[in-house]
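Given the coordinates of chain A, assemble chains B, C and D onto it according to the supplied hints.
Residue numbers (the working numbering), protein chains in the order written: chain A, 2 to 380; chain B, 2 to 380; chain C, 2 to 380; chain D, 2 to 380.
Given that identical chains are not distinguished, each listed pair holds provided it fits within a single copy or across any two copies.
Taking lysine-lysine pairs in the DSS-like style, the calculated list, with each CA pair at most 27 angstroms apart, reads:
#, residue 1, residue 2
1, Lys147, Lys207
2, Lys129, Lys83
3, Lys283, Lys37
4, Lys136, Lys173
The set of hints was computed from the structure by calculation and includes no laboratory data.
Predicted, not measured: the structure shown is a model, and the values here were computed from it.
4 protein chains.
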Amino acid sequence: MKLKKLLFFNLLIISTLIAQPQFRNKINIPNILGYKTLKCDFHMHTVFSDGDVWPTYRVEEAWRDGLDAIAFTDHLEYQPHKDYIPSNFNAAYNIAKNFADELGLTLIKGAEITRKMPPGHLNAIFIKDGNELIKDDWKAVVEEVKKQGGIIFWNHPSWISQQPDGIAKWYKEHDWLLQTGILFGLEVYNANVYSKETHQWCIDKKLAVLGNSDVHGPLYFEWAAENVAHRPITLVFAKDSREESIKEALLNRRTVIWYNHQLIGSEKFLKALFDSSISINKKSINAIGRETKNFQITNNSDVEFDLKLITDIPNIQFPKEIKILPNKILNLQIRTTKDDLKIKDKIEVKYLVKNMLTEPDKNLIISFPFEIEIEPKLR
Amino acid sequence: MKLKKLLFFNLLIISTLIAQPQFRNKINIPNILGYKTLKCDFHMHTVFSDGDVWPTYRVEEAWRDGLDAIAFTDHLEYQPHKDYIPSNFNAAYNIAKNFADELGLTLIKGAEITRKMPPGHLNAIFIKDGNELIKDDWKAVVEEVKKQGGIIFWNHPSWISQQPDGIAKWYKEHDWLLQTGILFGLEVYNANVYSKETHQWCIDKKLAVLGNSDVHGPLYFEWAAENVAHRPITLVFAKDSREESIKEALLNRRTVIWYNHQLIGSEKFLKALFDSSISINKKSINAIGRETKNFQITNNSDVEFDLKLITDIPNIQFPKEIKILPNKILNLQIRTTKDDLKIKDKIEVKYLVKNMLTEPDKNLIISFPFEIEIEPKLR
Amino acid sequence: MKLKKLLFFNLLIISTLIAQPQFRNKINIPNILGYKTLKCDFHMHTVFSDGDVWPTYRVEEAWRDGLDAIAFTDHLEYQPHKDYIPSNFNAAYNIAKNFADELGLTLIKGAEITRKMPPGHLNAIFIKDGNELIKDDWKAVVEEVKKQGGIIFWNHPSWISQQPDGIAKWYKEHDWLLQTGILFGLEVYNANVYSKETHQWCIDKKLAVLGNSDVHGPLYFEWAAENVAHRPITLVFAKDSREESIKEALLNRRTVIWYNHQLIGSEKFLKALFDSSISINKKSINAIGRETKNFQITNNSDVEFDLKLITDIPNIQFPKEIKILPNKILNLQIRTTKDDLKIKDKIEVKYLVKNMLTEPDKNLIISFPFEIEIEPKLR
Amino acid sequence: MKLKKLLFFNLLIISTLIAQPQFRNKINIPNILGYKTLKCDFHMHTVFSDGDVWPTYRVEEAWRDGLDAIAFTDHLEYQPHKDYIPSNFNAAYNIAKNFADELGLTLIKGAEITRKMPPGHLNAIFIKDGNELIKDDWKAVVEEVKKQGGIIFWNHPSWISQQPDGIAKWYKEHDWLLQTGILFGLEVYNANVYSKETHQWCIDKKLAVLGNSDVHGPLYFEWAAENVAHRPITLVFAKDSREESIKEALLNRRTVIWYNHQLIGSEKFLKALFDSSISINKKSINAIGRETKNFQITNNSDVEFDLKLITDIPNIQFPKEIKILPNKILNLQIRTTKDDLKIKDKIEVKYLVKNMLTEPDKNLIISFPFEIEIEPKLR
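Next comes chain A alone, as it looks inside the complex (with noise of 0.2 angstroms):
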């Protein structure tokens, strides 16, 4: 038998045997621009609305993960659970705090304000006490949140529950949400789902992009499984994991979202990551005829970079596609389309970011720059 007390220290015992779930993953994305890269989850459920996991379990978990910092954000007004579990706002957030404390992981209290649409589901985090939420009144809620010091994004949107049609919808509660100066961002990707629209009120009413797992059973989460993709994670961009600089960030909307091998986010952060994360280790090409050339890009970081070749360099090939896998270098190949050509050039080599979107349907592009020189092949 082993007591719940114990639970955790028992697991280093028999750590070999079964899944280590004491161990945690380094994430290896790169800070940018002075401020640390925190991996945050700021939507996710425990049995105290209709979670199948204890509080402390979510704590384990994310701490695993590599997370820095987790929102508990349980139903107010969904409580399947209430036959046998007596509703309690505070109770998961008191549960697992110094677990988390013990940890060095930050444990933001939250709830969801789970109304029907408009204005649909709220997350409101940093707040104080939710046993103060139980209100009618959707408005006097969001009113008691700010109160609280607490601020508030608008959740999963296009959830085809509330909008079978898949399209997200911005109603006129939105705006008054807004005007409270609380609203801070939407979900962009809840689970698994992306929201286009959502994505385009984010850029156009400056609002943070949020990527969160709203998960409900464990998180089974795999880091070396090729094509296991992990959580939807929000990247945020803090001086440190403090609750206060969090949310000094979010209200400053220093966030990207990583998920399915996807970065969503303005430009300016999506081209810090990239130029931190890939390293290139030639630039200049010296050739003779149609001799191929190699050379190598790293990737420092645990994103998987989708290059497309999108400038026609005349004479040249270089790769078309190029998918840099994680913390690997990867060996390219370029060489001239003949043999007797003369080229003394600089040029810039652009490829479109696949995988990072800076808007909807709208890609970074980056450029790598080589010296050329080629000599003709004398026969």
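Showing chains B, C and D alone in chain A's frame:
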């Protein structure tokens, strides 16, 4: 937002992105001796005692893992969540029963009688009403179990919190239990802990060997990954997977433990499992001189078999160690030690199966018959 | 030092440390229509043309991968290693034949007639003496193949080095080849390249579809790793794995290509493979109101099946997309759209199998029959 | 058809489908003591003796595996392919040198002097002309190696084909070799075989420890897969990866073996590797009573470290066994044995590193300093 009712259904949609929990593994272990080989786990916890998960998750988890039957056994006398969840010893079963029925998994109502040693912890299974088991006197609880038609096994007799030297001890209280007629087995494996004394008692006192997970958190079960063990499983040889058939099999001690690449049980069952799993493609070997001859062993099960040669076959080199990975075909090579031998013989090559234990420190012995015909090599 | 003769034997000893090459995978694809389903690869290279490996390695590799038959097809007219290795078009076969026999793998002698288009590259298999195929006139080579009892297929008709637009073209030379009677098939898949025109020709001209690896370096074959494809395999439906049986099957066009999660071939074979691989646990559904009902689909093969619903069943929601992973059991859920329906009907639910191609852009259609009985829910 | 010249280039296109051989792993082992930590393998074979692969494949394979330098060491006196490939002891190097240069891998010309014991097999590396090494008298071969500027190590002194008891023996021939001044090291690990006597000789005679693959077939190298070992690697601590720098480092015995989760070498290098790989997040522990306190250990390398507690810290329970997986963060817990202790102390907690060997049967000892302040718990 994923309301809980929809959780399982939604997973169909996102199945390619995360861990595809709607898939059930087929555990490939042959049926033997006219019985079905059921894969069972009779010891696990939910949030209704000190577990981390909601009851339906245990069902989903077991179904995915390929199990046929499980028992919920929350602690009667240890209720660390009681500040948040009022004690109710039928709740877990009632919540999950319909879901188990839909999936075709046999869910057994149980409870863990949680006392200091002696008698220690006892699992009652096939009970009718858990709430009736709350009594001061543990013997009265056992009587109530018997009254309800339940049967009992003794959990982790060597648990270090109750036996600091890690050695199981048999008390007069256990003699009393044995005399009730409802003590049918002992946990030889509890989680990853094997108890040698407990194993010996099963043989001496004619009790069923049991291996159970005693899982508290979510159970990560990864069959594909090499060297990641599955949970301890009690194989039950029963007519079918109905509750009464499992009970009949347990009362008649038709069990084998499968854990940590080991199979533990009586010679009769282990022999039948080996013979139904392993086949060999050649019965006769003809060679000239020191010519190398090949034969192939096929493993038709998910069990790995590790063999060690124990007979000395004069003049012929057989492999000393054979590791037969699950569901693979292994090529083996033999040859004579000299070029000038003439042999015509029927031999029995005996191997000890290192991972099949009929008693503590006693392994199953198996034998491959070969007809050998060696001609000397002419120069 | 490991002398080469001992290599295979030594691997037994070190098997737990490295990649255990002495194990053979069992490819689980059912036998159909009274034939054995042989797994074959008829196109590969060794150091005796431009390959990177010694011939015996190709045999070991194919045996490990679970193949039943392979052909060596080194280039006749392309000998880049000739400064180091004198040309010899029987050497590879002669070196590896005994080893293949010992392992029970059928090794077929072949050669790649390597000419510019037309006729392009042709593989001759079941030949007797490769060195007799060195002739200036390619038609004379074909005549010699015929004389030796060999048969021919046309390799990668769409190869971009010979068809820069990637579109296969049929020349009068191929008409001539067809008239010889020994052209039995076309490579619809060469390595990872599919040719649509070639696929259509197989149907129009009644030729066997072929998928081959054309492997030059060592082939890493990892069945366990999700999303890592195996080599292109030609499934041959033959009486047994002897050379003459394979030849008979090829001459009678009994082949299906398995590659990239796809099966390509005639409706008759694809239907038989699906029906032998997939089973369903319920034929009748009884529900009350919008109750969710479950049924389970079992995949008894190593092939993944991807289904797409193509019939509109009024008032009942069937899954629109079904992905049935290899060797797993999938749970599916259905329910009606309203609570007040009364239905008693026999229905045929039709799915298109996205990864089974009977013709270019034409998929196999399969059908699940259900008896439905729905009672309205009383309030 | 993939002509060989195009093989590497083509793989870019098919990289997502098969094993992506154009990617190089980054082996994460820190540089120490002002030197680069080069990953080297000085013993391997090609088709030019008894290997299974063409020379360029060895280069591609080593580059992918993340190695910095390799030596080709085909047998001089064992040429089993000579019926097909005329002997040429410079061919392998000449064929692969340009390719190695393009990839930035240091390729060293070598040869295996293949004699019966004594002296057994000797690898000469940094030689200039392999064909000049064909001489009857092995001492004449050694003199020729010295003349060419080459240096020598003794391969697998305990090889069972030359020492049937598996115990290495030192002969007067090896004394002669030592006196030549060009014997710089011994293979302590050859493939997966460790020789204890050889290890002791390295210490006694001040020779470099070496671990090499002696690979003959293709080498499957899977860093990601847990428990699948990589090839034996000799870590060389050198100024850079040029031939002369590697030679200087070898002559000065700056090597450590990395294999089978073990590091073998002098205390100085092992200590530096441990200290550069491992960091701990807390130096002081403050607790009240039996409160559990956590600290975290970060492993910044690809090496797994297994620690065993060897100091008895009175009244405080430290973990007895610590397994620190590569590139992970491990959470550990400590607490006192009683509630009423008052401790204020600086302690050194010593662990033996089970997988770091400074001598046969002697492990590196490391120490973590802690400031402890425990207050008794008031009731």
